[in-house]
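Engineer: This is what each chain is made of:
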Amino acid sequence: MGLPDAPGDLSSEVDVDAFRRLFPLRFYERHLTESIRPDGRPLGRARDTTIALGAVASAEGSALAKIGSTTMLAAIKMEVMTPSMDSPDEGCIAIDFHMPPICSPIVRPGRPAEIAPVVSKQLSDTISSSGMINLKELSLVSGKAAWMAYLDIYCLDADGALFDAALLSAVAAFSHLQIPAVSLNDDGKIVVVSEENGGKLEKDAVNKERMKLTLKSIPFSLTCVLHKNYILADPTAEEESIMETVVTVVLDSSSQLVSLYKPGGPVLAYTSAIQDCVALTRQRMKELQKILDEANSGMEVD
Amino acid sequence: MEFVSPEGLRLDGRRPMEMRQIRAEIGAVTKADGSAVFEMGNTKVIAAVYGPREVQNRSQQINDQALVRCEYSMANFSTGDRMRKPKGDRRSTEISLVIRQTMEACILTHLMPRSQIDIFVQVLQADGGTRSACINAATLALADAGIPMRDLVTSCSSGYLNSTPLLDLNYVEDSAGGPDVTVGFLPKLDKVTLLQMDSKLPIDIFENVMQLAIEGCKAIANYIREIMLENTKQLEYRRGI
Amino acid sequence: MEIDRLDGRKANQLRPLACSRNILNRAHGSASWTQGDTKVLVAVYGPKAGTKKNENPEKACIEVIWKPKSGQIGKLEREYEMIVKRTLQSICILNINPNTTTSVIVQVINDDGALLPCAINAACAALVDAGIPLKHLAVAICCCLADSGYIILDPTKLEEQSMKAYAYLVFPNSILSVRPEGSLKVQGEPREHGVITSGTQGAMSVDDYLNCLERGRAATAKMSTVLRRNLQPQIASELSKAG
Amino acid sequence: MVGLSLGEKHFIQGGIAQDIRSDGRKRLTYRPINVETGVIPQANGSARIRMGATDVISTVKAELGKPISLQPDKGKVSIYVDCSPTAAPMFEGRGGEELSTELSVALQRSLLGGKSGAGAGIDLSSLVVVEGKICWDLYIDCLVVCSDGNLLDALGAAIKAALSNTGIPRVQVAAGASGDEQPEVDISDEEFLQFDTSDIPVIVTLTKVGRHYIVDATTEEESQMSSAISISVNRKGHICGLTKRGGAGLDPSIVLDMISVAKHVSEQLMNKLDSEIAAAEAGEDES
Amino acid sequence: MAGKPGTTPTTYSPSPTNQKIRRPIFNENEVDWVRPDGRGFHQCRPAFFRTGAVNAASGSAYAEFGNTKVIVSVFGPRESKKAMMYSDIGRLNCSVSYTTFATPARGQGSEHKDFSSMLHKSLEGAIILETFPKTTVDVFALVLESGGSDLPVVISCASLALADAGILMHDLVASVSLSCLGKNLVIDPILEEESYQDGGLLITCMPSRYEVTQLTVTGEWSTPKINEGMQLCLDACSKLAKIMRSCLKEATSTSQE
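Residue numbers (our numbering), protein chains in the order written: chain R, 1 to 302; chain Z, 1001 to 1241; chain U, 2001 to 2243; chain V, 3001 to 3287; chain B, 4001 to 4257.
These are calculated hints, taken from the structure and not from any lab test.
Quantities reported herein were computed from a predicted structural model and do not represent experimental measurements.
No residue lacks a Cβ here, since even glycine has one placed at the ideal position from N, Cα and C.
Some hints could be false.
Subject to a maximum C-alpha distance of 25 Å in a straight line, what follows is the list of computed SDA-like cross-link-like pairs (lysine to any residue) [to be verified]:
(1) 2069/U <-> 2093/U
(2) 4134/B <-> 2050/U
(3) 2059/U <-> 30/R
Far from chain R by the CB rule (all over 12 Å, computed), these chain U residues [unchecked claim]:
(4) 2004
(5) 2005
(6) 2168
(7) 2200
(8) 2202
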């Protein structure tokens, strides 16, 4: 924008890679005028997305989600707690988002990434706002014992749209979650009913079978980058760093708006742009729903 | 609780004005530039001095005087119950600061500009009065390292329990919650460099209690001087002078 | 369909606003912003030389430190720090002072709802007080959505908790320009209708959100005149002093 | 950290090659060992060991605790090392943590045996008071006061001496407690049980400088090492733990050779240490 | 609200009902007991390696041995920390961490404080540090799931990631551990076997140079037994190195296509 005219003259001489490094914004703007992105995608298209369920054997529910090269591993561990006095028949969900140093060159051990607690907060807000999980289903014995679901999401590879991938992996992990069958023992502690003699135990089994949670409205999200009048769906890390305005829209399966998140940025979002982002998210939601359903049905066949 | 019996004896059998057995030893840490052990009854601390040497962190360098640093740490086994987290708590930070300020005041820092002096004190056993013991050990260690000082700074604590001024409180007396005065004193200059008190006291009694602590400091100063003389004589002897 | 608010306000009515600037002596700029019982104090230090690691040295860097009323900072405060930082970055002219850092310290004095908008308004006033070059001001508001679809503005803490959803919105203020009015329009919408920052809590329909936007815009237009009036006399008096 | 000139380096290396080290020792000779026991009266047992300028204190504190469910018939022992900043200014603040962890892990590996407790120098089952309910937790805390090389051997010896010095109070269990209740106990303050410390291994660190190995290296000598192996050997001549330091690779046959040398050295060290500990204990009783 | 801050109650994971009758995994008297996963004593788990698992890193590798799953990223050579003094050889910085769900009970991974320094010691002898003076190579490992023999898997995986990043090395570093259970030596133990072991031995070596870079032993061992254990591990290491080598070859051949 404010660049001198020099790059224009140079562009015919330097090779593409050098041009990309030296004048990243110019490089992108040239692509945008052609309505295509450097990785060959049209502006509104998200990257290839895959979900693999049950990636972690030691957890009760887990999923690996990949959007392009952004990779998230989510796993849920179920532990028992005494519910709080105000909600004696509700369980609890604790969500934590981690960015270990392996995921990106900017994270170093001992110094957690600035963005990690923010994404963590956004995830727990989104999941509680959407009402996807009925916390009452996590209750075991009213007032005495309830499930605490520890959901930990690890970013294995960070290449933009972290929140989208994290939310997708979280949702997928919940859909894969199998709550173990447990009973109450004499000490008032909850114990796991083991498979082989589970039937024989006549002690008051709290939940007799392994069960799944009913997921009501599932939230799906899409992050877009705004630049001038262009809207780029599902940005890579490079795109996020060059064009700084991001908008994240979260819709749930009943088309309610769960979150519209735009933290600052040089570009102002006008109503039309917001509506465009919402429309893109609607489209994306259908894709993601399908990918999730396929992953789940794949599990049932096994 | 009764801290002074009707016969005028304290819990450990001392008289109110009596100090615990003190013992000092110079040169406990071979590798350090100066070091000393100081014991007051069951309280035992080691101090080691490194420097004056090049300033490690350039941004802390002071152009017209030496940088004095101090770290106070307690060994896991120094207290009755095992300590879980011995480093960097608020109490240690505070004591480090007190020791640093006290020692800095008596070191002739202007003679060693752009250099750094590190004082490390390690508590091996804590039985009240660690602060004083650390200052005494640090003085000896600084002297051993040959660092120029205005005077030997010595420290002693005193308290006021059962309407009696008590010299050199031990752990039980210290944790009784009564007033506890710690004094740092320059015996030759006859000046107080450190004065700390917990709890409260009427001003006239305070003067008595402080005076008692000052007397304690003087006694320690005499002892320290003896130890240093002894040490110097030994060095002399070893050099064959 | 009217909603009765506990404090007797109308749905569109804001709580009494108060803003005072230059209240801290040692800070380069400071301001406190009060909306009803919510009060935030902001201090600005800088621009100081150098930027932190991982920041672009070719631009001015803004650092936000959030100090809660009590206790330690957690994820919520980290998120607030990030939102305030990004919002302020978008209104500052960052290429004027490259390779400098401006610290913005946000101290919460009391939280009775609409905390984040209050903090953004205060931070903006403090930046003006510190004389940091800005493109325009940012005006923040909180809109609350009741179950019935009714929207109230500037909720108290109690209202925030009892409502279905709420949205934090930040808009640019209207610019007084010597140029003809038309030049300020972007895509057929006045510039001050563009959203700088948006954050929501709770689920709502898309239409409800758009309604919130509309109400927010109307309210911030009024707030920005208040803000402008508040800033002007001091600038004038400072000028007269300097002159 | 150790600033040595090229000449000094050559001097140290050359001396080692000719079997006469800077301080006149042979390659496999230890510095004089000085043992002092009962230095920390507040602990159940303590010892201070000086090997040349290296000076360490080890203490044992015993607390009553509950055995872990996997091993109801065993007590628990944990070893922690703390590097005091008095030993070196670089240990200031958190600077000593890395070395402390490394030493703690190496000591645990050498003295506590495998996960199941087999091969431990300390008989863990002797720490049990009531099976599955009460046992002694031994906390072995070590402090490095002054460091001039060979810390691991000195710490190992200090722990051995401290354990010889340790008396665990006799515990009377009140009868009648049943089921899941914790039985009440009465700790005697007169009767103490001594440990059998004959099985506790000694640690021998062989430092490889050039083509030769030396024992009990000073800091200067350690700075010239290519690699070092710490081997803990018990009275039976069995290896109870092994840790390698230094990144350079070693041929497996050299490793085996070092093990056999260490075994040989350990016998002498063990005897020397035992007599020193006995002398220290006798000295303490007299005073 | 999910995860209210500050009010997190204490939780426990429900234990199995029949803990008392949980049998030890082998019987001293039984001569021919089988390992829980049916392997022979001297048989390693099938090893799976893949390089280039993390795009954001200069080099990376993923390794899966049974239930043990590990990811290692290598960054650099890049600028050393500002506080570091000048050095005419490169620096190696290693860090090993665990996910909270890696271990059977949540968040036990932090027990392995010494793994980072072990990884460092195992690798530094193999890397030619002279080739990147003044700079640092960071090796970060994340144990996704702990299934026993975690450290050897991390070490082998890290050397593969270094190779993927194009860092010059004398040789690949392969690592294998074994457990001593009673009289038997079992190689590449799983978590359950490790928790019952009487002794353990870990070797990291450069197989082509036939050099041991790291060796640790716990428990009581006689000399012949240590000889046997070392030989078993060294043989396994050279086999493992072949697998690693073929994985690297595969990766380069596919990238050339």
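Engineer: All hints, please: hold or fail.
Structural biologist: Each hint, compared with the structure:
1. 2069/U <-> 2093/U: Violated. Residue 2069/U to residue 2093/U sits at ~31 Å, over the 25 Å cutoff.
2. 4134/B <-> 2050/U: Holds, at roughly 24 Å.
3. 2059/U <-> 30/R: 24 Å, holds
4. 2004: Residue 2004/U is indeed farther than 12 Å from all Cβ atoms of chain R, at 26 Å.
5. 2005: 23 Å, holds
6. 2168: The assertion about residue 2168/U is violated, with a minimum of 10 Å to chain R.
7. 2200: 5 Å, violated
8. 2202: Given a closest Cβ separation of 5 Å, the condition is violated.
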